[in-house]
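Trainee: Residue numbers (this note's numbering), protein chains in the order written: chain F, 1 to 273; chain S, 274 to 473; chain V, 474 to 1027.
The set of hints was computed from the structure by calculation and includes no laboratory data. The beta-carbon is built from N, C-alpha and C at its ideal position, and this holds for glycine as well. Treat the hints loosely; a few may be bogus.
DSS-like, lysine-lysine: derived pairs with alpha carbons at most 30 Å apart [stated by the list, open to error]:
#  : chain 1 : residue 1 : chain 2 : residue 2
1  : F       : 230       : F       : 45
2  : V       : 900       : V       : 969
3  : V       : 900       : F       : 227
4  : F       : 196       : S       : 446
5  : F       : 230       : F       : 173
6  : V       : 969       : F       : 227
7  : V       : 900       : V       : 977
8  : F       : 71        : F       : 45
9  : F       : 264       : F       : 227
10 : V       : 900       : F       : 173
11 : F       : 173       : F       : 196
12 : F       : 264       : F       : 196
13 : S       : 369       : S       : 446
14 : F       : 196       : F       : 45
15 : F       : 264       : V       : 892
Cβ pair distances, simulated, as ranges [to be verified]:
#  : chain 1 : residue 1 : chain 2 : residue 2 : range
16 : V       : 638       : S       : 330       : 55 to 61 Å
17 : V       : 938       : F       : 7         : 38 to 44 Å
18 : V       : 499       : F       : 86        : 35 to 41 Å
19 : V       : 997       : S       : 322       : 29 to 35 Å
20 : V       : 705       : S       : 422       : 19 to 25 Å
21 : V       : 610       : S       : 471       : 39 to 45 Å
22 : V       : 705       : F       : 101       : 55 to 61 Å
23 : S       : 422       : V       : 958       : 28 to 34 Å
24 : S       : 376       : F       : 194       : 38 to 44 Å
25 : S       : 330       : V       : 499       : 44 to 50 Å
26 : V       : 997       : S       : 468       : 22 to 28 Å
27 : F       : 8         : V       : 638       : 53 to 59 Å
28 : F       : 85        : V       : 969       : 55 to 61 Å
The primary structure of each chain is shown beneath.
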Amino acid sequence: MPTTAIYTILISLALIVGSIWASNSLDFLPAVASSNAPIYDELFKVLFVIGTVLFIGMTGLVIYSLIQFRKRPGQEGDGLAIEENLPLEIFWTAVPAVVILFVGLYSYDIYNRMGGMQLLSSDSHSHHSMSAQERLWGGIGEVKQEENESEVLPVINVELSAMQFAFLFNYPKGEIISGELHVPVGYPVRMRMESKDVIHAFWVPEFRLKQDVIPGQPTILNFTPTKTGKYPIICAELCGPYHGGMRSTVVVEEPDEYIAWFQKNSKSPDIEA
Amino acid sequence: MTAVSSLNEKSDELTSTKEAHADHRLFGLITFLIADGMTFAGFFAAYLTFKAVNPLLPDAIYELELPLPTLNTILLLLSSATFHKAGKALEEQHAKRCQNWLLVTAGLGVAFLISQMVEYFTLPFGLTDNLYASTFYALTGFHGLHVTLGAIMILIVWWQTRSPDGRITNVNKFPLEAAELYWHFVDGIWVILFIILYLL
Amino acid sequence: MSISIPPNTESNSKKLQPTGWLRYFSFSLDHKVIGIQYLICGFLFYLIGGVLAGAIRIELTSPMSDFMARDVYNQVLTLHGTIMIFLWIVPVVNGAFGNYLIPFYVGARDMAFPRLNAVAFWLIPPAGLMLISSYFINGAAQSGWTAYPPLSITTPAAGQIIWIISVLLLGGSSIFGGINFIATILKLRQPGLKLMQLPMYCWAMLGTSILVVLSTPVLAGTLILLSFDIVAHTGFFNPTLGGNVIVYQHLFWFYSHPAVYIMVLPAFGLVSEILPVHCRKPLFGYSTMVYSIMAIVALGLIVWAHHMFTSGTPPWMRLFFTIATAFIAVPTGIKFFNWVATLWGGRISINSAILFSCGFIVNFILGGITGVALAQVPFDVHVHDTYFVVAHFHYIVYGGSVFVIFSSIYHWFPKFTGKMLDDNIGKLHFILTFIGFNLCFAPQHWLGLNGMPRRVAEYDPQFTFVNQISSVGALLMALSTLPFLWNIINSLINGKESGPNPWKALTSEWLTSSPPPVENWIGEAPLVTEPYGYGHKTKNSNSPVQMNKKQETS
Ligand code: HEA
Ligand code: HEA
Ligand code: CUA
Ligand SMILES: [Cu+2]
Chain F
1 MPTTAIYTIL ISLALIVGSI WASNSLDFLP AVASSNAPIY DELFKVLFVI
51 GTVLFIGMTG LVIYSLIQFR KRPGQEGDGL AIEENLPLEI FWTAVPAVVI
101 LFVGLYSYDI YNRMGGMQLL SSDSHSHHSM SAQERLWGGI GEVKQEENES
151 EVLPVINVEL SAMQFAFLFN YPKGEIISGE LHVPVGYPVR MRMESKDVIH
201 AFWVPEFRLK QDVIPGQPTI LNFTPTKTGK YPIICAELCG PYHGGMRSTV
251 VVEEPDEYIA WFQKNSKSPD IEA
Chain S
274 MTAVSSLNEK SDELTSTKEA HADHRLFGLI TFLIADGMTF AGFFAAYLTF
324 KAVNPLLPDA IYELELPLPT LNTILLLLSS ATFHKAGKAL EEQHAKRCQN
374 WLLVTAGLGV AFLISQMVEY FTLPFGLTDN LYASTFYALT GFHGLHVTLG
424 AIMILIVWWQ TRSPDGRITN VNKFPLEAAE LYWHFVDGIW VILFIILYLL
Chain V
474 MSISIPPNTE SNSKKLQPTG WLRYFSFSLD HKVIGIQYLI CGFLFYLIGG
524 VLAGAIRIEL TSPMSDFMAR DVYNQVLTLH GTIMIFLWIV PVVNGAFGNY
574 LIPFYVGARD MAFPRLNAVA FWLIPPAGLM LISSYFINGA AQSGWTAYPP
624 LSITTPAAGQ IIWIISVLLL GGSSIFGGIN FIATILKLRQ PGLKLMQLPM
674 YCWAMLGTSI LVVLSTPVLA GTLILLSFDI VAHTGFFNPT LGGNVIVYQH
724 LFWFYSHPAV YIMVLPAFGL VSEILPVHCR KPLFGYSTMV YSIMAIVALG
774 LIVWAHHMFT SGTPPWMRLF FTIATAFIAV PTGIKFFNWV ATLWGGRISI
824 NSAILFSCGF IVNFILGGIT GVALAQVPFD VHVHDTYFVV AHFHYIVYGG
874 SVFVIFSSIY HWFPKFTGKM LDDNIGKLHF ILTFIGFNLC FAPQHWLGLN
924 GMPRRVAEYD PQFTFVNQIS SVGALLMALS TLPFLWNIIN SLINGKESGP
974 NPWKALTSEW LTSSPPPVEN WIGEAPLVTE PYGYGHKTKN SNSPVQMNKK
1024 QETS
């Protein structure tokens, strides 16, 4: 039946176009404030489009069937006795498999661009003493700075220690200990995190980043803030009664503001960031 | 899913030959032992992971001697053989011989437990000394619990083979078969445990 | 544990067991009684878990922690999660319907090990009561249903230990049940009934039971180690004593990821029974449905670390678990496409059972899609441990499993009691539940994406309005329980007689009286080789059901 085929194609096209439109015009995510947030949002859009097409398509089929094939008054007997269709089965095994494969590869690429596939080394840049067999796990590695290779920006090293129910940020260079995280916009930040008691998690929704802060198991997180402002730092792992109140702020500021803050608080003011 | 398909084949031939009301307790026991084996598998996995990623803290002591556990291994392997003998004897309707072999098996089991206790008391570390020590005691203790239960089961079976009304005979030999299967299982676990804890 | 079952005779069925309503409070060995016991017991716990959910939603109507103390909130959410999973979904989709239906489907008069079966059930009420009573004694566990150490080691010990003991008992119950189902399905099958002729629910229960037997013991072992850490101060999971907290997470999720399929595979099976009856069509793609169940079982065992993407796992591990997890969408998708194909071209009676089943399809697809998104590491890194995850799993456990349970109750109530439920009240129940459910959980996706973590009693005021919408949805869900309960009670007292087979279904539980006699059939069991032979009427020569001569049905 060509008309059915045409309708099917038209409806599918409309669905796809509609959900692409929706993914572009609806605003589901908080502000974009780190270099991997825009990459994240790209992935989100792709997943959103696939999900919407699938969900609306399947829901439409269910509702259509319920209306079209409902038993009308006076009807007797059974429906069509169709029960096997190998080509169909192959079709709806293969298509999702391809979609899944595509999504998997795509998100691998995204993750790689975020620096997630980077092997973490414990030595680079940081100069604190560590036992020889220290293992570093997880987190997100450094993103290769491809664009401005000429002027490699210095990395801001921060050590985060979490405890019930607070975050403490330690800037080894200036011997600063602060309850708030200050970072200059555009500079890569490397944060080494460890917990003093139970598991916590460091989450900044505007950075699209989260990493558990684990006792006895240091973790590393790298990111580059891209937009000035104050964003919440949220503890995202249940850590006790005041888990909900375990929050802090990350202040992303212009480099000169950051340096001013740094020098004001630093115990050895002559060293710059 | 090889496990499933092999089960299927067996059941297909069974249901086609036997009545639907046959005795499936042995099958149930096997399923249970698979579950029990998974508990051990979890412990083994935990121990191996600890070994791989958690270095022993600087001043912690964790040393194991080989002689006693080797003796233990021999004891248990022997007991598996003697239990097999007991089962054979029952099939051949030698009640007395069966009982004797059962007693020998139980004796070997108890000897294992005693020797394990001796090991516990001579070890230079205690339950809470360090991570490996804790895992060592948890694993061997859990296994020892199984041996204890097994030994009790053997004694019960032995008692029942003695009863004049013939509670366990070559016709009704499920309790003996069950105990035997369980015992072999506990032995098998010990062998893995021995390799992982003492040899690796 | 003798299981020799003599053929049913009048005298046989009357002796041994109490009859009437009293038998539901006895150590009954009848699989049907045990099934109903599971169902009622589970439903009571659902109401308790629901009241706790209500408390959570009331607390979250305002951004401050004002309705209850913060530690009480953590206790409430721990109890809510534990009760809903271990005392409601798992016992009901497995224990209740499994016990009631499996012996019918394999043509047996009871389960393989009736006594073990009764023991498995009777472990549940004491475990549940103990769990709940811990709240009143010294405060319940407060480290979430996941009980991650070191938090679970450092919070008050009494509640956590009681939680561990209860979960161990419930796990034991689940293992006993699993052993029984495997033995019943593989061993008690009627002669002449081939595996590939079994109703789909049998396959679902076989797969589920394999998962139960392989994964639950690992949880048991893990919790034993955890309890040592709490009581004996060992250091398995205590970093200050050199332990490793991540190992606990691996072991826990090795059980608890399969557990999600333990909650949903039986529901898949139930839907596969319900749809063909009310669509008057064969189940589409029987054999691919079977293979997809087994594929889900196999994949389900190797994806657990997708709950730990932010815990600090090495990159290769994240990649592997992403791919493996997302691939579960393929076999699951096969099932959904086949269900839609079953609807297609049918002659569908629009009743409460079919509505709840279709509600399940729609809700679960949304939950599955967010699941596939969560499986992508870079996506999960942002939304892990937020309300996005809460929305994901409520779409699956509530929109999926609970919807199927309601659908099943509408479908099998006539079998259980011989009475019909009122379909109009049922539709009202459906509409209220469906709207309430979506109102409650759809907004939570947005909350999670925008920065609201889970397990918090206080939150950023910008989320107040959306949380209030969610709470209104919860209220609607609570209200929707009222017509349902009314329907049940009213039908029990003065419902219409249903007769043995009101839906003209072909599976064998319907080929006997309603409610069925003690050993299921007077006379010999019917041999059903085509459980979904709808529409085959024309080929009268080989009718799908080979009725036994002695069979007395209608
Ligand atoms: C019954 C319960 C159940 C079920 C069945 C599932 C099914 C799935 N779950 Fe879910 N999940 C939970 C219960 C469940 N989950 C719970 C309780 C938690 C939280 C635990 C906690 O932390 O407390 C959780 C958490 C959770 C996480 C961790 C999130 C986090 O904490 O950060 C992830 C990540 O991968 C995940 C993924 C999935 C996937 C991929 C599926 C898949 O099986 C879904 C597959 C189904 C479909 C995809 C829909 C149908 C398919 C099609 C129509 C085919 C076409 C589809 C595509 C091409 C996409 N789940
Ligand atoms: C497995 C099944 C299951 C089911 C069915 C439900 C059902 C519900 N859940 Fe639950 N939930 C979980 C499993 C489940 N949940 C789990 C595993 C967690 C995670 C716990 C953890 O983090 O450790 C969780 C966590 C969880 C949270 C997050 C808490 C937090 O992280 O801070 C919330 C918040 O909204 C919530 C809400 C609800 C609601 C409103 C329902 C509703 O659908 C319930 C509707 C039913 C009723 C309301 C009962 C019937 C009505 C009455 C008896 C009348 C009286 C009613 C009132 C007083 C309101 N649940
Ligand atoms: Cu720290 Cu939650
Ligand atoms: Cu999972």
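Trainee: May I ask which of the numbered hints given earlier this structure violates, with the numbers listed in increasing order?
Mentor: 3, 4, 6, 8, 10, 14, 15, 16, 18, 19, 22, 23, 24, 25, 26, 28
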